[in-house]
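Protein sequence lines, in the order shown, are assigned to chains L and U. The first sequence begins at 13 in the working numbering and counts up by one. The second sequence begins at 263 in the working numbering and counts up by one.
Accuracy of the hints is not assured; some may be wrong.
[Unchecked claim] Taking lysine-lysine and the BS3-like style, the derived pairs with C-alpha atoms no more than 30 Å apart in a straight line are: (1) K329/U - K498/L; (2) K432/U - K172/L; (3) K575/L - K458/L; (4) K386/U - K168/L; (5) K108/L - K329/U; (6) K436/U - K251/L; (7) K329/U - K540/L; (8) K169/L - K82/L; (9) K386/U - K169/L; (10) K329/U - K169/L; (11) K82/L - K576/L; (12) K370/L - K82/L.
Hint data in this document are derived by calculation from the structure and do not stem from the laboratory.
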Amino acid sequence: MRNLLAKCLFAACAVAASVAWATVDAEMEGMEAVVRDDGTFLVGSPTYLFDRKLGSIGLHSESELWTPQKIRYRLLFNRMSVLPSWEPLAPSVWMKTGNELGDMIYQDLITAEDRPDNRTPILEGGFRTPSFKGFWVTARGFQDDHYSTGTSSFRKKMVKDEFSLIGENYPLFSSGYAGVGYDNEFVNASILAGEEYVWLFSKSYRWIPVHYAPRVDARASVGDLSLSLGYEAAYYQDKTRHEKGNRIEINGSVFYENDDVYEQMNFVLLAGLSFRALDDSGNVYTELDENRVVWPFVGFGVRPVKNVSVEASVGVNDEDWLVQDSVEFSPSVPSKMGITLGVKNISGTRLNPIADDKEYFGDSTISLSADGQMNMVQGYAEFADSADFLGFGGRASFWAEHGAETFEVSKTKKSGGAIYRYGDVSRIDSWIKAVSGELWIGAWYKEMFNFKALAGFERIDGPSERFEVNPSEFFVAFNVDWFLFKSVRIAHSIRYRSDAEWNLYESDPMVVKGDWYWDATFEQQFPKQKLYLTGSLLHVLADEVVQTPNGGTDRLRFVCTLKKMF
Amino acid sequence: MKLNKFIVACVLMLAGIVFADATSTASAPAAPAPTASATGDSQSTKPEPQAVSLEPQASAADVAFSKGFVSIEGGEMYPFGDLIDAVNNAFYGGLGFRYAYMEHVDGFVLFNYAYFTPYPEGLKIDGVHQFTGKLGVDWRWSAIRPLALGVGFACSWTRADYDDEKITEKSFSKDLGGTLTDNETEFGWFVRANLPFLYKDKYTVGLNVLWEEIWTLPERSNMLSVGVYVERRLW
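Please take these sequences and the hints and turn them into a complete structure.
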């Protein structure tokens with residue numbers, strides 16, 4: 013999706029992110045949090061994670077915030093998620109497999125005591141043909157069984173079958189689609205249809221199984237206009253309570269952006285709307301007020317004078333409003349240096365105005381939106397300087413938030429190895445204040461070698477016992493990427509992040525201990541044949557721990573991909 | 263514990279650098295002066311014998327798949343370490359494909375099958391079918407020709423051979439060998455020495471000695487394979 017304003021709006025984040033990210037491959041698109049520790053990235057499953065970069069404005073998880081550039085993301089309960097992605101991939105044929113390391117295999121024959129849990133794989137295969145007179149065909153089957161074993165003991169009791177396209181590991185998602193598309197100079201269009209199993213993580217800390225059959229996703233771009241339309245027949249069940257339900261959902265978006273004129277006019281305008289319309293019957297465990305939501309929004313980016321840029325987006329409907337804006341000043345400095353001073357603001361009634369409004373848990377109703385509004389403001393300064401092969405930079409920021417979304421726990425319940433909670437989404441009606449700082453140094457040699465060392469800290473003051481997550485206070489990271497002979501890519505990243513805490517869990521917080529992580533990707537490339545063989549080791553040094561309430565265990569894993577581009 | 267991890271982290275970082283350095287040595291052109299050295303002395307006009315070129319004259323794009331070979335191989339696999347108490351030695355057979363990847367570096371893919379019998383007696387499983395896929399690179403270092411040294415990743419897929427009547431619902435978690443009644447897959451890595459010793463037209467006969475470590479728990483699983491292969495050049 014062309015989205016220049018989105019690039020502008022989040023330029024500061026992107027700068028910091030590009031510094032922090034190594035080029036280690038995550039196991040699947042939408043799971044980049046597993047190769048990041050420049051903040052608080054806690055993964056409970058492929059379908060649920062807490063992702064907050066250190067120094068971000070506000071206390072929330074980034075995926076809980078709706079923004080214009082997430083207009084085609086998937087809505088997983090209240091989070092905007094890339095995964096499971098139905099974005100058609102480039103023309104190619106590919107397959108992927110991997111496993112959490114530690115199946116016993118022959119060790120099973122000599123291990124009678126303390127037998128390790130079963131380890132689970134990742135599986136994917138797909139293709140997209142080259143265009144034939146503009147037309148192409150694609151199909152993809154993909155599922156990630158990682159993080160599944162720790163929770164499958166209580167999840168499997170809720171469903172009547174294996175709840176996946178392949179295997180018996182009760183993966184947190186399993187998805188398959190096929191479809192056709194058409195591209196030419198003016199139009200890109202596609203329609204995909206398929207079946208999907210997803211476990212959604214709710215505010216009550218429940219895993220809710222949803223079977224989409226069918227799911228249909230149509231999208232088209234015509235000039236500056238992008239359209240999407242989805243149809244989902246979703247089936248819900250909880251075998252332990254003898255409950256069933258189904259939801260027919262039609263959702264979609266219209267999006268316009270005149271980024272073509274940005275260079276000439278120093279102005280970009282965007283406008284659009286997202287919508288959802290539902291028809292529920294039986295037990296579907298959530299409710300959207302009036303079974304519909306329409307979310308129109310507008311935005312702009314403008315450079316009124318040479319060194320100043322202003323960006324803003326505003327969304328509003330009959331229930332909610334959300335404003336996100338920033339002003340940046342970049343004084344003139346020598347060419348290899350950069351300085352940016354910025355102010356950012358996010359205000360609104362709800363982080364995600366298109367999410368459902370109520371969750372039903374037994375006889376209780378959980379309100380998913382709170383009265384009042386949140387206000388976040390941030391000031392930041394960024395600088396960078398570089399010589400031919402060396403560079404350094406940093407970022408300092410302060411932010412404050414009033415009315416932060418949180419969860420008011422009325423009671424908790426333990427059942428079958430899991431813990432659940434009742435209550436309502438509410439607000440922290442006092443100011444939370446924070447300061448953060450990050451520094452990096454880098455060295456590089458042409459495109460062959462790139463090294464970066466980073467460190468950051470953040471101090472947050474406020475009623476921390478009411479924070480859903482107390483973020484990590486500091487991190488360090490060392491990233492080294494090699495690209496040799498224009499055909500061998502080796503990327504690796506060693507990182508440490510400090511403790512994070514889930515506060516609204518039990519009387520005592522759930523502490524996710526700080527740890528070292530090492531990730532590495534090795535890739536053989538055959539440029540002439542457009543063939544890529546890739547293997548990645550993820551979380552090699554880390555202890556195998558649960559990172560979210562009722563989450564699966566984060567384990568060392570290996571993933572390999574074979575891809576032939578057309 | 264954290265200090266230990268930091269030390270390991272530093273070693274791994276260093277290992278990555280050394281590994282990359284070794285890789286670059288592997289395909290450095292023998293004669294011409296390097297265009298750029300790993301020391302970053304790109305202004306130097308004097309050839310430095312110790313310098314390592316990161317930009318070989320023949321790029322991978324020119325060499326990749328310029329030669330291709332298929333092979334059949336047979337031999338025996340020997341469990342090592344505590345695995346000796348788990349399974350007996352087993353014969354294996356398989357197919358291979360080798361291709362030119364870069365100057366002095368070949369890539370290869372191997373698929374093997376082996377049937378392992380348990381070493382302990384009285385288990386509920388009779389044996390285990392194992393299919394293994396390996397993907398790696400051979401470095402043909404001129405100093406030790408014709409011996410080539412290889413390294414790569416391995417993936418083993420296993421499934422037990424058993425009598426249905428002996429297996430219960432709890433076998434998977436309780437019985438020795440129980441997890442193998444389902445499909446079990448695990449990855450690992452290997453090193454190998456590839457010694458071709460007989461050449462005839464398009465055919466080559468050689469010895470393949472391979473040590474592999476599969477990343478199992480509670481301990482890693484190590485095995486040695488020794489086999490003879492017959493290889494035919496396709497193009």
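Query - Pair hint K432/U and K172/L, alpha-carbon separation not exceeding 30 Å - result: Given pair K432/U, K172/L holds - Cα atoms ~20 Å apart, limit 30 Å.
Query raised in the report: If you draw a straight line from the CA of K386/U to the CA of K168/L, is it 30 Å or shorter?
Result: The hint holds at about 27 Å.
Query raised in the report: Is K329/U within 30 Å of K498/L, Cα to Cα?
Result: Given pair K329/U, K498/L holds - Cα atoms ~19 Å apart, limit 30 Å.
Query - Pair hint outcome, K169/L versus K82/L [Cα-Cα no greater than 30 Å] - result: Given that 30 Å is the threshold and the Cα spacing comes to 34 Å, the pair is violated.
Query raised in the report: Within 30 Å, alpha carbon to alpha carbon, are K386/U and K169/L?
Result: With Cα atoms ~28 Å apart, K386/U and K169/L stay inside 30 Å; holds.
Query raised in the report: Do the alpha carbons of K575/L and K458/L lie within 30 Å of each other, as the hint requires?
Result: 26 Å, holds
Query raised in the report: Are K329/U and K169/L close enough, with their CA atoms no more than 30 Å apart?
Result: This hinted pair is violated, its Cα atoms lying about 55 Å apart.
Query raised in the report: Is the Cα-Cα distance between K329/U and K540/L 30 Å or less?
Result: The hint holds at about 14 Å.
Query raised in the report: Is K82/L within 30 Å of K576/L, Cα to Cα?
Result: 29 Å, holds
Report task. Given the hint that K108/L pairs with K329/U, test it: the Cα-Cα distance must not exceed 30 Å. Result -> Within the cut-off at roughly 26 Å; holds.
**Report entry** K436/U paired with K251/L [C-alpha distance capped at 30 Å]
**Finding:** Holds. K436/U to K251/L sits at ~27 Å (cutoff 30 Å).
Report task. With a cut-off of 30 Å on the C-alpha distance, tell me whether K370/L and K82/L pass. Result -> 22 Å, holds
Hint compliance for this structure: hints 8 and 10 are not met, and every other hint is.
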